[in-house]
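Asker: Take the given structure of chain A and dock chains Y and G to it, following the hints.
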Amino acid sequence: MSARSALGRLLALGPLRLAALAAALALAAAANAVVGYVVIDGRLDGEWYDLRDLGFAVARLRAELDAVAPPALSYWVTALVGVGGILGFLGLVLLLGSWVERRLLARFQIRRGPNRVGPFGLLQPLADALKLMQKEVLVPRGADRLLYAVPPIAVFIPAVLAWGPVPWAPNMTYLDINVGVLYVIAVSSLAVLALFMAGWASNNHYALLGAMRTVAMMVSYEIPVSLALLSVVLVTGTLQLSEIVLWQEQHRLWLGLLLPVAFLTFFFSSTAEINRTPNDIAEAESEIVAGYHTEYSGMKAGLFIAIELGNAVVLGALVATMFLGGWSLFGLETWIPPYLVLAAKTGAVYFVLVWLRGTLPRFRLDQLMGFAWKYLIPISIANVGVVAVEAAILVRLDAPGIVPLSAFTLLNIALAVACARFAMPEPSGGPSAGRGASHAPVLTTVLGGLRASERLRSAP
Amino acid sequence: MSEQAVEPGDAAAGEPYILNIGPQHPSTHGVFRLRVAMDGERIVDMDMIVGYLHRSMEKLAEERTYTQNIPFTDRADYLAAMSGNLGLCLAAERLAGVEVPERASALRVIFAELQRIASHAMGNGTLVSDAGAWQTPLLYMFRERERILDLFEMTCGARLTTNYMRIGGVAFDPPAEFFPKLDSLVDDLPSCVDEYVELLAENEIFLARTRGVGVISAGDAINGSLTGPQLRGSGVPWDLRKAEPYCGYERYDFEIPVGSAGDVYDRFMVRMEEVRQSTRIIRQALDALPPGPHKTEVPLALRPEPGEAYGRVEGPRGEVGFYLVADGGPAPYRFHLRAPSLINLSLLRSLAIGASLPDAVVTLGSLDIVVGEIDR
Amino acid sequence: MPAGPRQLAGERVAAALEAALPGSVVEVHPEWVVLAPGRLVEALRWLRDSEEFDAAQLSSLCAVDYHSYFEVVYHLQSLDLNQQIVVKARTTSREDVSVPSACEVYRGALLQEREAYDLMGVGFEGHPDLRRLFLWEGYPGHPLRKDFLQLEGHHPGLPRFPFEEPGVQSR
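Residue numbers (this note's numbering), protein chains in the order written: chain A, 1 to 460; chain Y, 1001 to 1376; chain G, 2001 to 2171.
Think of the hints as simulated: they come from the structure by calculation, not from any bench.
Misleading hints may appear alongside valid ones.
[To be verified] A short list of chain G residues far from chain A (calculated; beta carbon distances all over 10 Å):
{"#": "1", "residue": "2015"}
{"#": "2", "residue": "2046"}
{"#": "3", "residue": "2066"}
{"#": "4", "residue": "2093"}
{"#": "5", "residue": "2145"}
[Unchecked claim] Simulated pairs of lysine-lysine, PhoX-like, Cα-Cα distance not exceeding 25 Å:
{"#": "6", "chain 1": "Y", "residue 1": "1059", "chain 2": "G", "residue 2": "2088"}
{"#": "7", "chain 1": "G", "residue 1": "2088", "chain 2": "G", "residue 2": "2146"}
{"#": "8", "chain 1": "Y", "residue 1": "1181", "chain 2": "Y", "residue 2": "1295"}
{"#": "9", "chain 1": "Y", "residue 1": "1059", "chain 2": "G", "residue 2": "2146"}
[Claimed, not checked] Among the chain Y residues that face chain A by a calculated CB cut under 10 Å, a handful are:
{"#": "10", "residue": "1238"}
{"#": "11", "residue": "1260"}
{"#": "12", "residue": "1361"}
Note that CB positions come from ideal geometry on N, CA and C, so glycine has one too.
Excised from the complex, chain A in its bound form:
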């Protein structure tokens, strides 16, 4: 879209809306300036009412409780506060996210999307959930009743657990364990168990096919995911997610730029793990109806659909944390609350996921497996080797300054481009797969049958 047409579309909003938009922007800037002035002044820093980092308030609460009660109470209370925070956020995301996804998809598809229930259709997810809850939950004949009932709930566990080690702000990490990366990998592969249970227990061929596809994909793509995270660990020298963010903040460098291959590998492989387009083959609706949750109805189906969205948001948060600087924003996080920065980055990744869903067709299972084993895994291993050398050099330099880091960044980006340009397999078998480069059909006015067809074929 050219700048001119963008301006034209902006003007098409009308004077009233434009004025409102400008006023909102001005107000936000003024508020930010005031808060920033007060904050930079340093008077609020670290106090419990410093809203930029809710960790301060929790720490204060903990201190107050410790003063009057045994230490176990403060531990339990803060744990519950954290759980409440994460679950509340997740609930909000599930409700809001499905609205966002539907509206965005509608925009991609020149439709309007839900706009009837509530303002801008915001209450549509709520109405959908209510409708689903009223529906009968059918159990197919021959299904394993226990295994059939468990998966819709079990599938939620990894999506909730994965939020644990995500740092929201310097002091806002619920589960700041020093093996965070390992924990994330371990937890994210739990989901496949629930999905396979669902597919197996449904007593339906479509569900079983979907479950088998899920397992195949998970097994294949777990390896590139782990290798991609390994290079992150090599560079930062820590498995702790909060430390990874701190590394990016201190070096003023997003790991996505330093490690583009790992970044793209992680993102692509994760779309396969969470069944998003173009890798949504486990529930490819044009082939196997709904995959592993074909037989589920009512709110059980609703839970499966909701958790897909929850997984996408978790993926957004992990990508943002590992590769896009987490809560840091080049110093601006002292002005803007860091958890909002993380939410914005998560939203950006989520937007890309929705964008892909609205644009791309789907791979075939064998193509996807071939891509993982023949291309992604070798390239990831090679990348780990390169990164290991770079990390060794960085460690030997006392203070890795701007020069080696930017040199490595440029080198790695060049390598990634070279990989994509020269080593990338063409899934269609290359441009000369049994025909010329031209894709367009031949135009003719001379009719005929087999003989004319052979003439056309032999003609240049």
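Answerer: Positioned in the frame of chain A, the structure of chains Y and G alone reads:
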């Protein structure tokens, strides 16, 4: 609707298992059922079960006059009602020796080509949906289809089941506001086709899913009675509009797009190119639309001399043929619709055996079936 | 009278067929040729492979009920020469309904012959998979036959499918 052809094996011993694709399935495009024996993801055997939408059209037609039969043709291929209308009218006119005014012929060409564009938009859109693009291309293509259906509605009051052609002409002259709208549509269409081609024809995933999939050789396509884009996609330059021009198609300047490999991608691209060519035809017909009556008066209960006639047109899915036998009465003695959707499926079994499930789904999508026409 | 614009005259086809395969033509008409059922497949194959006719495609196959016999009409199309040939085959009576199958010459006949068998009850001998296409196995009669409505238990405007409730008399 019989079911013995495909036998299940012992699944525990690793033998093929049976998968019912349809009658309700997102990619069977209607109530159409495939009973498939599968070995993992690979199709070992396939049986096609149709008839869920059988309305005994050919029997009903024997008790109705020729004009009363026109609405049936709407409901056979409900995505290309105009082509069905036109085929029946041509057959009945040939049987009864009715002359059609110039203006009626030109209007028939305009509407048949508009219908072809609408139908190809639907066919290609659902094909891309079958390949997994979550309905975005389909809805883009619906944008133009909507405008075409609006034009139909403006002219004859219906959008899908148009019942527009009559023996001896067309039912109504389009209203005055029809022509500027058609004019702007014809101006916009080429850029819309460019947009789709840009969106899909170079998309690596789409290429991977469609090239080399569902390959039909030229010889098989001819021998299997394939017609329409399915035949042209296999590289056979055959189009009834050129071979046996009706309604004055010989006056218009257009070309036949022909594929080379005979795969799903070629059939897709042939349809895309046909939309461009149809736009050219409509532009020429619109510019040279002759004045005059839009219909010759024909008795309501037409009683042709005893005899038989086979009238056919190039519909969006291939040759829509009507074989009529007259016995001197007002109703046809025998009314047979050569349904391209059904006959294009002749090769489906041999295409599906050995293919994987996703490939079979895309291949079925590229054959562009309409169940109303298969079952009649 | 109402022949298609590119349809070959029946006399020309009959003469060539009679020269190549004596005894294959039963009746000649300006528009079509009626072939002997015994030599039908042979004649179709000859028409398909001959340079002069090149009937490469079976564009339509259709059965007609003429009360005393059934007729199967084949519309053959030559794409390279752009000409159409109409040939027919007749059963000897209403009871003996067999006509040889054209499937081994034209694969396009697979479904069309199944349709004709289902709706008209013409038995195509040698069809690899002759089952009903639209109706279910066990459906009484063949609906496109002219005497279908006089069959036992059949009435026009039937309120429900036959055999849906075996004990209940329709109407």
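Asker: Please go over all the hints and tell whether each is borne out by the structure.
Answerer: Hints and how they fare:
no.: 1; hint: 2015; verdict: holds, 24 Å
no.: 2; hint: 2046; verdict: holds, 17 Å
no.: 3; hint: 2066; verdict: holds, 33 Å
no.: 4; hint: 2093; verdict: holds, 38 Å
no.: 5; hint: 2145; verdict: holds, 36 Å
no.: 6; hint: 1059/Y - 2088/G; verdict: holds, 21 Å
no.: 7; hint: 2088/G - 2146/G; verdict: holds, 19 Å
no.: 8; hint: 1181/Y - 1295/Y; verdict: holds, 23 Å
no.: 9; hint: 1059/Y - 2146/G; verdict: holds, 9 Å
no.: 10; hint: 1238; verdict: holds, 6 Å
no.: 11; hint: 1260; verdict: holds, 6 Å
no.: 12; hint: 1361; verdict: holds, 5 Å
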